[in-house]
Amino acid sequence: MSTLFAILFYFATLVLVVGLFSRISVYTRTPAPLKIPTTPAPINTSGVVLRMAREVVFFESLFKANLWTWGLGWLFHASLALVLLRHLRYFTEPVWAWVAFIQPFGMYAGITMVLGVAGLWARRLFVERIRYISTPSDHLMLVLFLVIGISGLVMTFVVHGDVVGVKGFMLGLMNFNLQALPASIGLYVHLAMVALLMMIFPISKLLHAPGVFFSPSRNQADNSREKRHIAAWAKQLESEK
Amino acid sequence: MADIAAPAYRVIPIIPALKPGAMEGKGPFVANDKIQDALGFPGQLVEDWHDQAIAKMGELLGKYRSLKVYMDACVHCGACSDKCHYFIGTQDPKNMPVARQDLMRSVYRRYFTLPGKFFPKLVGARDLTREVLDEWHNYFHQCSECRRCSVFCPYGIDTAEVTMAAREILDSVGYGQKYSNEIIGKVHKIGNNLGLPAPALKDTLEGLEEDVKEATGIDVRFPMDVKGAEVLLITPSADFFAEPHIDSLIGYAKVFHATGTSWTLSSMSSEAANFGMFIGNYEQLRTIALRIRQAALELGVKRIVVGECGHAWRVAYSFWNTLSGVGEGADETDKFAMMLQKQLDHRYKQPMHICEFTWDMIGQGALSFDKEANDKHIITFHDSCNVARGSSMGGYPGGQFDIPRNIIKAVANNFYEMNPNTTHERTFCCGGGGGLLTDDLLDLRVKGALPRMEVLQHVADEHGVNFMACICAICKAQFTKIMPIYGFDRRMIGGVHQLVSNAIKLGEK
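Protein sequences appear in the order of chains E and S. Just so it is clear: in the first sequence, position 57 is 57 by this note's numbering, and no numbers are missing. Just so it is clear: in the second sequence, position 39 is 39 by this note's numbering, and no numbers are missing.
Because the hints were derived from the structure by calculation, they are not lab data. The reader is advised that the hints may include incorrect statements.
Computed list of lysine to aspartate or glutamate pairs in EDC-like fashion (alpha-carbon distance at most 16 angstroms, straight line) [unchecked claim]: (1) E:Lys235 to S:Asp334; (2) E:Lys235 to S:Glu283; (3) S:Lys19 to E:Glu128; (4) E:Lys227 to S:Glu328; (5) S:Lys302 to S:Glu230; (6) E:Lys235 to S:Glu332; (7) S:Lys409 to S:Asp375; (8) S:Lys178 to S:Asp440; (9) S:Lys178 to S:Asp33; (10) S:Lys63 to S:Glu283; (11) S:Lys342 to E:Glu226; (12) E:Lys227 to S:Asp334; (13) E:Lys227 to S:Glu332; (14) E:Lys227 to S:Asp331; (15) S:Lys335 to E:Glu238; (16) E:Lys235 to S:Asp331; (17) E:Lys64 to S:Asp82.
The task is simple: from the sequences and hints, build the whole structure.
Here's what the structure looks like:
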């Protein structure tokens with residue numbers, strides 16, 4: 001089982017890294033031929049950085065759109081961030097001080113994360129408009145997060161797992177020195193689902209994470225009159241005449 | 001079209017229940033082969049439309065990062081789902097921005113993503129069938145490209161970009177829209193959307209000079225094709241003959257007159273509108289914009305000023321520098337742009353909106369007004385979508401909201417705002433933008449105006465508002481037509497420079 005999981009994680013990591021890298025390189029290579037920031041927009045780069053920061057950290061636009069979706073979405077994402085940071089303890093030795101410091105917050109964030117996902121799913125199930133636009137994969141994605149979250153919470157608060165063993169396995173993976181993975185159904189489920197998530201990341205709507213940074217309506221400065229903006233393929237039209 | 005009635009106002013503006021299929025088969029007329037040929041598009045649906053459409057989609061995905069990212073990034077969160085005026089007015093779920101995008105996204109997933117190739121049902125991917133293509137033609141012509149959804153999307157996904165891509169694909173397989181493509185043909189052939197030839201335009205302008213002389217006793221000129229003029233005015237051709245547009249044109253002329261600005265119109269380039277944007281075709285957009293460049297070069301003007309027109313101002317402000325070099329900041333090596341940019345006077349923004357021009361002049365004390373002349377009007381201001389969300393004024397974010405309002409307050413005494421959820425960047429489209437201002441879509445236009453009419457009714461009841469000013473030719477035409485259906489007087493809509501025209505003092509300072 002340890003070997004199986006080791007192979008799974010190496011494969012998942014490869015898919016995640018290569019997949020994301022190739023997607024991002026496509027986004028980088030694809031030109032934005034016209035200035036299309038949603039105005040009012042910042043007029044310079046530092047303004048754009050601020051706008052993007054507000055968008056990524058506080059979900060500014062979503063806040064304007066719908067307070068329920070914003071509240072649940074932000075709760076989920078902020079909790080997820082804390083939970084992920086907390087998990088750094090399984091990959092570092094010695095554990096960095098700040099990672100040790102956030103351990104308790106990260107543990108409770110697991111609960112709020114599950115609550116956020118459950119709320120978002122309830123919205124998807126019970127609000128007519130949102131149900132209409134949902135595909136099976138939209139539901140399954142939330143189920144996936146629920147399973148990961150709940151299995152993690154069970155190991156944290158109910159049936160304590162062998163965290164030392166897990167850490168040994170993870171450090172072993174990182175050093176290409178395979179260690180045994182503690183035998184536990186909860187852990188198997190948790191890790192298998194995480195690996196699945198990693199693998200579908202580059203081919204699913206999870207691409208919203210890198211995507212937001214490449215969105216021309218958000219990342220362009222509103223300086224079209226002051227600076228000529230032209231894509232290579234558009235410039236070619238000028239030389240044809 | 002006597003059977004078209006206004007939908008009832010919502011008692012509380014709640015999100016309406018879904019009525020699937022409500023707007024099925026209510027799309028626009030299809031362009032005939034003559035109209036298509038004139039733009040170099042296939043005359044009718046080509047034999048291998050399926051393969052060509054997919055190929056075109058692939059091409060656009062490689063040319064426009066917006067389309068590529070927007071196809072990938074949507075998480076179906078629903079933030080946009082209640083934001084579209086056409087959804088609110090028609091209740092058809094496919095008029096929710098996300099559902100409209102999904103008409104294309106489902107095809108994108110099927111042909112361009114792994115999960116869609118192997119598990120189409122799971123991710124909502126669909127083959128591009130004839131039914132899907134018809135659905136595109138129907139619903140991508142029920143979007144006015146107003147960008148209201150993009151304000152609320154956490155990733156800034158702009159349905160307008162998707163609509164433009166869809167229309168571009170439809171045109172490329174010979175399935176265009178009559179209204180937009182017919183108009184673009186006229187611009188190429190004659191120089192304006194109305195097909196108004198130079199002699200007719202000259203007559204009209206002379207007539208205007210006489211009218212203004214009669215009304216004010218002053219010789220306000222409406223010059224055409226004057227070489228060496230300081231300012232070239234590019235204005236929507238509706239300003240030359242349509243009501244209430246023409247009153248704003250008189251306003252611009254009076255402002256130029258009162259400030260002693262030498263200006264000219266161009267007979268060859270007598271159109272600010274650029275429907276090339278509506279159909280999402282870069283070459284069309286560019287070709288139309290190049291007429292203005294050509295006129296500016298030929299007439300040797302120092303400044304280019306744009307009249308009251310929403311999408312035209314978006315094209316001018318955001319795209320002209322790219323398309324035709326009207327602007328500043330081109331590379332020294334960029335011969336195409338430098339040729340024009342060397343000629344223009346960069347002490348002024350290029351291009352400049354007529355509202356920026358007038359407001360600057362007011363700031364310099366070059367204009368004076370008799371505000372009481374507008375006292376019969378109790379005024380509100382309708383932000384036009386393309387100005388609000390696709391452009392700016394004054395060189396700072398939000399100038400596009402302040403400057404027209406500042407002008408109104410400088411020339412009139414009674415001004416009230418509408419509900420803030422429907423103004424500034426949250427403004428609702430008039431219902432006729434984006435190439436939908438045609439009688440074959442009248443039902444859609446009436447329904448799409450619902451959210452604006454609701455809040456207008458509110459300020460009319462509350463403050464006695466009897467005049468809604470705006471700076472868009474399409475808004476003016478759309479409201480003139482649909483406001484009577486909602487029980488308003490058609491003369492309630494007018495331009496900002498119409499108010500300027502009423503109050504401006506000529507011949508004295």
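Status of each hint after checking the structure:
A distance of roughly 10 angstroms separates the Cα atoms of lysine 235 (chain E) and aspartate 334 (chain S); the hinted pair therefore holds under the 16 angstroms criterion. This hinted pair checks out: lysine 235 (chain E) and glutamate 283 (chain S) have alpha carbons roughly 12 angstroms apart, not beyond 16 angstroms. With a C-alpha separation of about 11 angstroms, the suggested pairing of lysine 19 (chain S) with glutamate 128 (chain E) holds against the 16 angstroms cut-off. For the given pair, lysine 227 (chain E) sits about 6 angstroms from glutamate 328 (chain S) by alpha-carbon distance, which is consistent with the 16 angstroms threshold.
Of the pairs offered as hints, the one joining lysine 302 (chain S) and glutamate 230 (chain S) holds, with about 5 angstroms between alpha carbons and a cut-off of 16 angstroms not exceeded. For the hint pairing lysine 235 (chain E) with glutamate 332 (chain S), the CA-to-CA distance comes to about 15 angstroms; that is within 16 angstroms, so the pair holds. Of the pairs offered as hints, the one joining lysine 409 (chain S) and aspartate 375 (chain S) holds, with about 12 angstroms between alpha carbons and a cut-off of 16 angstroms not exceeded. As the CA atoms of lysine 178 (chain S) and aspartate 440 (chain S) are separated by approximately 10 angstroms, the hinted pair is consistent with the 16 angstroms bound.
This hinted pair checks out: lysine 178 (chain S) and aspartate 33 (chain S) have alpha carbons roughly 10 angstroms apart, not beyond 16 angstroms. The suggested pairing of lysine 63 (chain S) with glutamate 283 (chain S) holds, with an alpha-carbon distance near 13 angstroms, which does not exceed 16 angstroms. For the proposed pair lysine 342 (chain S) and glutamate 226 (chain E), the alpha carbon gap of about 14 angstroms is at most 16 angstroms, so the pair holds. For the suggested pair lysine 227 (chain E) and aspartate 334 (chain S), the alpha carbons sit about 12 angstroms apart, so the restraint of at most 16 angstroms is met.
Our distance criterion of 16 angstroms between C-alpha atoms is met by lysine 227 (chain E) and glutamate 332 (chain S), whose separation comes to about 12 angstroms. With a C-alpha separation of about 9 angstroms, the suggested pairing of lysine 227 (chain E) with aspartate 331 (chain S) holds against the 16 angstroms cut-off. A C-alpha spacing of about 10 angstroms is found between lysine 335 (chain S) and glutamate 238 (chain E), which places the hinted pair at or below 16 angstroms, so the restraint holds. Restraint check: the Cα-Cα separation between lysine 235 (chain E) and aspartate 331 (chain S) comes to about 12 angstroms, which is no more than 16 angstroms; the hinted pair holds.
Between lysine 64 (chain E) and aspartate 82 (chain S) the CA atoms are separated by roughly 12 angstroms; this keeps the pair inside 16 angstroms, and the hint holds.
No hint from the list above goes unmet by this structure.
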